[in-house]
Structures are given as structure tokens and as C-alpha cells.
Amino acid sequence: MLWLRAAPKLGERPIFNIKKHGKWVDDVALVSQVGLTIAGSILFCFAIGYYLDKWLHTKGLFITIFILLGIAGGGYTAYRQIMEVTRDTDKQNKDA
Amino acid sequence: MEDLTSIPQWTLQLFGMNLVFNRDTLIMTWIVMAILILFGFLATRKKGILPNPFQVVAELFVGGFHDLTRDALDEKMAKKYFPLICSLFMFLILCNWLGVFPKLSEPTKDLNTPLSLGILGFVIAHYSGIKAKGFKKYAKEYCEPMFFMAPLNIIGEIAKVVSISFRLYGNILGGAIIILVVSHLIYSILLPPLLICFFSLFVGTIQAFVFTMLTLVYISVQVK
Chain A
110 MLWLRAAPKL GERPIFNIKK HGKWVDDVAL VSQVGLTIAG SILFCFAIGY YLDKWLHTKG
170 LFITIFILLG IAGGGYTAYR QIMEVTRDTD KQNKDA
Chain B
2 MEDLTSIPQW TLQLFGMNLV FNRDTLIMTW IVMAILILFG FLATRKKGIL PNPFQVVAEL
62 FVGGFHDLTR DALDEKMAKK YFPLICSLFM FLILCNWLGV FPKLSEPTKD LNTPLSLGIL
122 GFVIAHYSGI KAKGFKKYAK EYCEPMFFMA PLNIIGEIAK VVSISFRLYG NILGGAIIIL
182 VVSHLIYSIL LPPLLICFFS LFVGTIQAFV FTMLTLVYIS VQVK
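The listed protein sequences correspond, in order, to chains A and B. Going left to right, the first sequence walks through residues 110 to 205 as my numbering numbers them. Going left to right, the second sequence walks through residues 2 to 225 as my numbering numbers them.
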């Protein structure tokens, strides 16, 4: 069978080397999360603003404030995440 | 098509409170838990140098995730957190694959499951952070680079939970909707099974892995 022949035998180098690719997987997971973090932050702040507006009978005041806060918070978190990945890569390159 | 719009529920009245349970999610989660317990029992029943198939699969999971956790954290921390990471992945992958079988549906299709797992990861990450650094240093990190950045840092931390939960939920529900719509529109034999293979098996595996890796990364960020 083709898939059996293609599978690596015991003792051969595995296709996915955790030691070699572990950091790469970490970075891909983090970077692919960046856009969602901004969206999640805005969504979370929107929900807080919406319920505060409903509770205090203000019309759109808290939604506006919290959405702005969400945009800033999401942007800052995304920036920190990207900087963390870049810093780690720089460190790895220096060590190598 | 009504499968997606109706959520069968069980309502329990307790001390004047209405407790609502999503029936399908609850039953499917129980099925996943039962499969995992059975797998654990079969894999560890007759451990030997010549392993049975269940032991081989279990060793693959345990070995792989122990290495991943050790790389992200250190040896001492890995011992502590790797059971959580490994079981989280096994639980999620089974949840995502459950939709392949007729009459069964993915519990991750309900936002409550990914959100509770996200909150679980968040609580564990922050608890480990406080334990590793002490509360003063932990709280001080929120005021970096300047104290007025604290609200933004707090929003950012909570946004991580929202984003990983919605990512898993969106991918699984999106896949389920596409499969259902295509199956209703065409009467082909080839396309729906192909979509099931793609969305349930491939996307399900990737999303389970990403969710687990992100939980691990968040724990390591807090601990280090």
C-alpha cells in the first residue's frame, strides 16, 4: 500500500521534528491569532458598552467609549504579540 | 436545515432557578469523555515492550506533547502542565471528529464548549503566572510600559480568551453549515464526504492543535 511505503520507518528522521519545528508552530499559532485578537477585543468591549448603555439608559455613550478602548487594546495586544515573536526570532538567530 | 436553528434543551428547576442545558452538547461531551476513558483503560491495561495498538497511539500522544510542553516551558513545569495540554488536545480532536459519524454532532459547534475551555486555559495561565512571579510582579506587568496602559493590557488579556474560543467555534460551525448546505443543494455522493473529510478531519485537527498550542503559549508567556 502506498501510504505504508511513504510512512517513515523506525529510526528514520520523522517528517515533523518537534524540537526543530516547535518554535515555528508557536509563532504561526500566535501570528495567525493577531487579527482575531483585535476582533475579539472590539467584540468584548462592544458587549460591555452595550450592556452599560442598556443599564444606565445612555444612548451610545459607553458603546463609543468602549469600542475606542477595544480598538486601542486590540491594536496594542497585537503589537505586543508580533514584537514577542520578532524578539524570539532575533534571539534564536543570534544564538545560531 | 432546522438542525442549525433549533437548540434542544433540558431545563432543570433548582431552588427557584432555571438551569438550562444544551442537550446535544451535553450528550456529545459525555460520549467524548466515555471514549477517552475507554481509550485510557485500553492503552494502560496491558503495558508491555511489545505494545498493543492503543498503547502505540497513547505513547505517540504522550511523547509528542511532552516534548512540545518541555520546549515551551521547562522540564519541571512540563511535568506539571503536560497532562492538561495532552488531554485538552485529545478532547478537542475527538470533539471535532465526532461530526463525521451519522447522528452525532460536534460539541465544539456550541460556543459554550470552546468558551469554557478558553476560560479554563485563561484561569490556569494567570494562576500559574501569579504563582511563579508573585502577585506584586504579576500586577506590575499590567502597568507596563506606563500605568495608564493597564486597561488596554487587561482588555488584551481577555480578548485572547474571546479570540481563541471564537476561532474554534467559528471554524467548526462554519464547516458544519457548509456541509449541511451543500448536502441539501446537491445530491452528489462525492462532494459531501469530501467536505466532511476536509472540515471535520483536516480543519478539526488543525484547530484542535492551534487551540492547544495557544493555551500552552499563553501559559508560557505568563510563567516566564
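It cannot be assumed that every hint is accurate.
[Claimed, not checked] Not close to chain A: a few residues of chain B, all C-beta gaps over 12 Å, as computed: (1) P9; (2) Q10; (3) L15; (4) V58; (5) D72; (6) G130; (7) K134; (8) I159; (9) Y219.
[To be verified] Interface residues of chain B toward chain A, partial, derived using beta-carbon atoms under 10 Å: (10) L20; (11) N154; (12) R168.
No wet-lab data here; the hints were simulated from the structure. Backbone N, C-alpha and C define an ideal beta-carbon position, used for all residues, glycine too.
- request: Examine each Cβ of chain A, and state whether all of them lie more than 12 Å from the Cβ of D72 of chain B.
  value: violated (4 Å)
- prompt: Does P9 of chain B really sit off the interface, with its C-beta more than 12 Å from all C-beta atoms of chain A?
  reply: holds (26 Å)
- prompt: Does the claim that Y219 of chain B lies outside the interface with chain A hold up, using a Cβ gap greater than 12 Å?
  reply: violated (10 Å)
field: Reported absence of G130 of chain B from the contact zone with chain A (all CB gaps over 12 Å)
entry: The claim holds: G130 of chain B sits with its nearest Cβ about 15 Å from chain A, beyond 12 Å.
field: Reported absence of K134 of chain B from the contact zone with chain A (all CB gaps over 12 Å)
entry: holds (17 Å)
field: Assertion that Q10 of chain B lies outside the chain A interface [Cβ separation over 12 Å]
entry: Q10 of chain B is indeed farther than 12 Å from all Cβ atoms of chain A, at 23 Å.
- prompt: Is it correct that the beta-carbon of I159 of chain B has no partner in chain A closer than or equal to 12 Å?
  reply: violated (6 Å)
- prompt: Does the CB of R168 of chain B sit less than 10 Å away from some CB of chain A?
  reply: holds (5 Å)
query: Is the shortest C-beta separation between L20 of chain B and chain A less than 10 Å?
result: violated (22 Å)
- request: Evaluate the condition: distance from the CB of L15 of chain B to the nearest CB of chain A exceeds 12 Å.
  value: Non-interface label stands for L15 of chain B: nearest chain A Cβ at 26 Å, farther than 12 Å.
message: Checking a non-interface call: every C-beta of chain A should be farther than 12 Å from the C-beta of V58 of chain B. Is that right?
response: The claim stands: V58 of chain B keeps its Cβ more than 12 Å from every Cβ of chain A (closest is about 15 Å).
N154 of chain B as chain A interface residue, shortest Cβ-Cβ below 10 Å: holds (8 Å)
Hint check: violations occur at hints 5, 8, 9 and 10; the rest are consistent with the structure.
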